[in-house]
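*Asks:* Construct all of the structure, not just a fragment, from the sequences and the given hints.
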Amino acid sequence: MKEQQHEVPTKEAQHKAPVEGKEHGRPVMRYGMAIDLDKCTGCGACMVACMSENNVPFKEDESDKLKSITWIRVYKLTNGKPYPDTEICYLPRPCQHCEGHGGHSPCVSVCPATATDYSRETGIVSQIYTRCFGCRYCMAACPYHARYFNWYDPVWPDGMEKYLSPDVSARVRGVVEKCSFCYHRYQLAKNKAYLNGLHRVPEEDYQTACTQACPSGAIVFGDLNNPEHKVHQIVQPDPHNGNKSKNPKAFRLLERLGTNTKVYYLSDREWVRRLGDNYLAHEETGKVAKAHH
Amino acid sequence: MKVDRRSFLSFVIGGAAGTTLSPLPWKLMDDSSIWSQMWPWKPVPPAGEVVYEDSTCPLCPGGCGITVRKVENRAVKIEGKAGHPINNGGICLLGLSGLQLLYGPTRIKSPMKRVGERGEGKWERISWQEAMTLLSEKLGEIRDKGEAHTVAAISGTGYGTVTELLKRFMTAYGSPNFFRSPSMQDTDEFALNAIFRSKGRLGYDLENADYILSFGSGILDGWGSPVRMFRANSLWKDNQVPVIQVEPRLSNSAGKASKWVAINPGTEADLALGIAALLISQKMANKGNISGFRAWKNELVQAYKPETVAETTGVPVETISELAQGFGTAKRPIALYGKGKGVGTGSLREIAAVTVLNALSGNLNKEGGLWAVSQPDFINWPNVNTDQIADAGLNQSRIDGAGDGPTAGIESVLTRLPQKVLEDGPYPIQALLVAGANPCHELPDTKSVKQALGKIPFIVSFSSFHDETADQADLLMPDHVYLEKFEDVTVGAGLVKEVIGLCRPVVSAQFNTKHLGETLIATANMMGDAIAGAFPWENYESCLKETLGNKWDSMIENGYWENGDVDTAAKKVRPAALDAPVVQAQGDVNSFPLLLVPYDTIRISSGYVGDTPFMVKTVSDTTIKGKDGFVEINPQTAAANGLTEGTLATLATPVGEASVRVHLFEGIKPGVIAMARGLGHTAYDGYLADKGVNVNELIGPVEDPSSGLDAAWGIRAKLDKA
Amino acid sequence: MGTLDDKAKEVMDDSAERPGSGKEVGSGGLIILFFIIGFAGSMILGWVVFPKLLYSQKQQPFNFSHALHMEEVDEGCQSCHYFREDGSFNGIPKLAQCTDCHEETNGESEDEALFVEEYVWKEREVPWLSYSRQPDCVFFSHAAHVIGAEMDCSTCHGDHGETETLRPYEYNRITQYSRDIWGKNIAGIAKNTWDSMKMDDCARCHKEAGVMHTSSVQTERDACFVCHN
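Protein chains in written order, with this note's numbering: chain A, 1051 to 1343; chain B, 144 to 865; chain C, 2 to 230.
Hints were generated in silico from the structure; no laboratory data involved.
No farther apart than 27 angstroms at their CA atoms in a straight line, the calculated lysine-lysine pairs in the DSSO-like style are these:
#, chain 1, residue 1, chain 2, residue 2
1, A, Lys1212, B, Lys252
2, A, Lys1109, B, Lys265
3, B, Lys402, A, Lys1299
4, A, Lys1242, B, Lys213
If you want a taste of the chain C side facing chain B, the calculated C-beta under 8 angstroms gives, among others:
#, residue
5, Ile37
6, Gly39
7, Leu46
8, Gly47
9, Phe51
10, Asp87
11, Ser89
12, Ile187
No residue lacks a Cβ here, since even glycine has one placed at the ideal position from N, Cα and C.
*Replies:* Written as structure tokens, this is what we have:
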């Protein structure tokens, strides 16, 4: 189908809707997620959507979960009570895109090859496979086990390489990979924004594959800094308190480490919120002591 | 001039100096590093123009709308279609991994004829002409002998034009033995017939209900239209609708419910009747839609006192009261039945009990309630002009006896077929056609199924994949995968409204496969006027367009046709078999002290389509580890049997035996062990085969005498340390 | 050792006794000569022979004259190289772009005849060799440069749009990439923008244009994923 040439907009048209928090005149975004654990059914659609979107490889035996590559992984939690008071909860764990203090994510701080980097403009921790030489220091540093190593060369059996997406580089063995918040979709959305003369990428144009696939609508993705985005409204992060959520149902994983993550979890159930961090018996839920640096 | 050592050395040094000052080493280093990042076996998919094409996913009865992202005409991602009436953008993990079904080593790439013994896996590629000739000749032989009725056909679904074409073929040919794979459609039709005395199916207006009482239905484990159920569940959460899940195991559905009621397996009907009795005795019942209410209500109240029910079900009296209160006082309560995915749960007593409970709440055909709706009837082809041979064949009784006695309103009881074949009664089956089904893995009592297939001299599989049944066939005539073809996808699955999705070819056929509709039309045309006459269409596509008539335009444009204005098929419930005996689990309690119940999970596909490699990856390592499958067991029961986490054990039931590992889980009733359905494949490829145990090897069908349907909810078992 | 030392001394004494002998001058000269030979040889090898061996040449399937076509179309480069609706750039046009005019041959040229017979009528895409294709790890956004920065096509592609012939496609045997990417000049010195298109070249131009953002924590430059994937 032949497309007609698109009208190229003027420079004036490109500057629109500036929002709070600027860096060099450009708005600072913090892309993050809110995952409602009371809606999450543990179906695993997010896991498969991510695998399909990002050319994630697979092997014949995936039962060794230490070696199984799942950028987003759904964990099963339990309240530890015996039958019949047992309760379960599923928790999808993508890369948390930790910010730490001003961009010092644990993994970014240790990478000797500058293969992983924190972007102050979007808040996304990127992983560039061509620079990575597989030392796995980042895997040791990540508190969330969110990083995976390609122990083997990916094998695409019998024509399956035809379904690979050109937007995401396929990896070879010896390289670490992790959830990227689908930033290839951000790249494509920016293309579209340029064409339409928009300075910022609209909320609906940049959504991660897992968010899009979730049949329960448990995952919400967007710019945590932008008050118009759903995720901001749900999470209400407090920039004066290390971006802790003002929503009493919300918590982040291992908050006391000070990783300042961008994935917020919501649950009505206190036992679930309590599992989000290593609480000492006397500590109140939602109030953990800060780690000593 | 003599070249001595020093000259040579200076030559070398000069060379080294020159090399260093030339770009050679630096460029080579740079280029080598680039080369090492771009190994030739690393795929670089070509970029290009992106288009999205809509279709419908037929991999389960759910009927979700999908949209396929294509780059340069290559399908790269399947996504849920936003705005679709069933899934609105959501999609399950099977639908998402459909591209792994399109490509891959399990595809049957061309028609094949078996060489060597069955099961050896030796095939010879033949042409479609040869394959259809072979099929028509073989079938023709049987027909000429006047034995047309000895040919049986199995279809994975009971809906759609292709199924109708297969049925039509069987009719014109002269065999009454058309079967379909067990599904929720069986219990639906049966309920309509036995309890509503009408024809049709059931629909549940879940989105508008305000109290959900589920008797083991896998709300989040694959019941009905799975994505629709997930969305309904989120809606319930948003609106704080109570959801009560009644089952012996803490499934995902129970885990997300407001309350999990742990019940003795197989006693769901008793609980339903107990609650019904309480509703009646506490004057919370609406008798409007029930005929003969006065006659049996007293009996019911007497027979199902809370204490009696508590004794049978293991549910405390307070809980029974609580449930009755909740259900009785809610404005729009609804009760669901059909354990797990609702397959093979044909206990009439259970169906009747839950339907009566719904009727007592007065929710029949109302907002938020249970609806009895008519089946889709858009396939209106002229009747087949059967010839004498066909008539003679069609007059023979069905081999499974469906349509007689308790199975009066039922089209097929596939679970009876293996036993009948093994008994040779009333007549032996000489040929079997299998389309969109995998009975060697899906049907209970796998051993008998395989033995039965061994007795059938000619088996044809239309499967697209090298599944267990295809492995036992003599002739393979592979159908396209859904992404390669046009087809109508009728959605029943508990929806109230009528939806027909259009499956559309998103890529051209990747291999030498043929649309089953085409194969049937072409083969019919090779078999003489009597049969060819029933297939006046030139090809399948014209048949489909003609059949869909004025729905076609809407379907081409939107991808589906929807009718929210449904005709109700029935208005009154006629309770039946409320005092029928409970369907028991096979085995005696002394030799087999534990109860094995199978469970369904959305991550493991247990029907015709096996798990894709992506799906297998999502299965936890306490379900499969290496080749071993796990059973879930309460830690108390495990301790009593000397079992610890991960121990290898032998699981034995009256039907079979298997080696399993043990996983301790508090979320299961003591004395009950649970195993996931859908594992233990022996065919397909290394990504799916040899993982876990097929629970169908351990459980056989148990027919409910009141319904004739398989109602096995489990089997007695014993677990010994290996 | 004693005897050997004596022998050595003898030899040295010998040569010391023959000043101005041709052999002495020759050995020093030989050393220098061989050094020069080695040096010159390796320099020639590195600067002349190496590029010839490293780069291989392929011809395009047939010749396409940009100059000729520019006369025929109305919108310049964008007539055939345009943005799609989703903001992506179409790159080298597909057959459908050409068949509007080339269902039949329009002129007398052999190239056109070959095109129409072998490709249009057989409905085969022409396997053009792309001079500017970046490696898989690079995400280059035409939208950002052409629309955002309002750059002209020739800034990066030179006078390609005015050529009458398509130059041969040279590619690096080791990396398999076009010579335009890895550097026309073997020393990596680029006279024009299109002589070398590696990351350093992109960075240089970004710096000159003053669009060097500092959002990256590691490098204080732009975030990696803006251009990589």
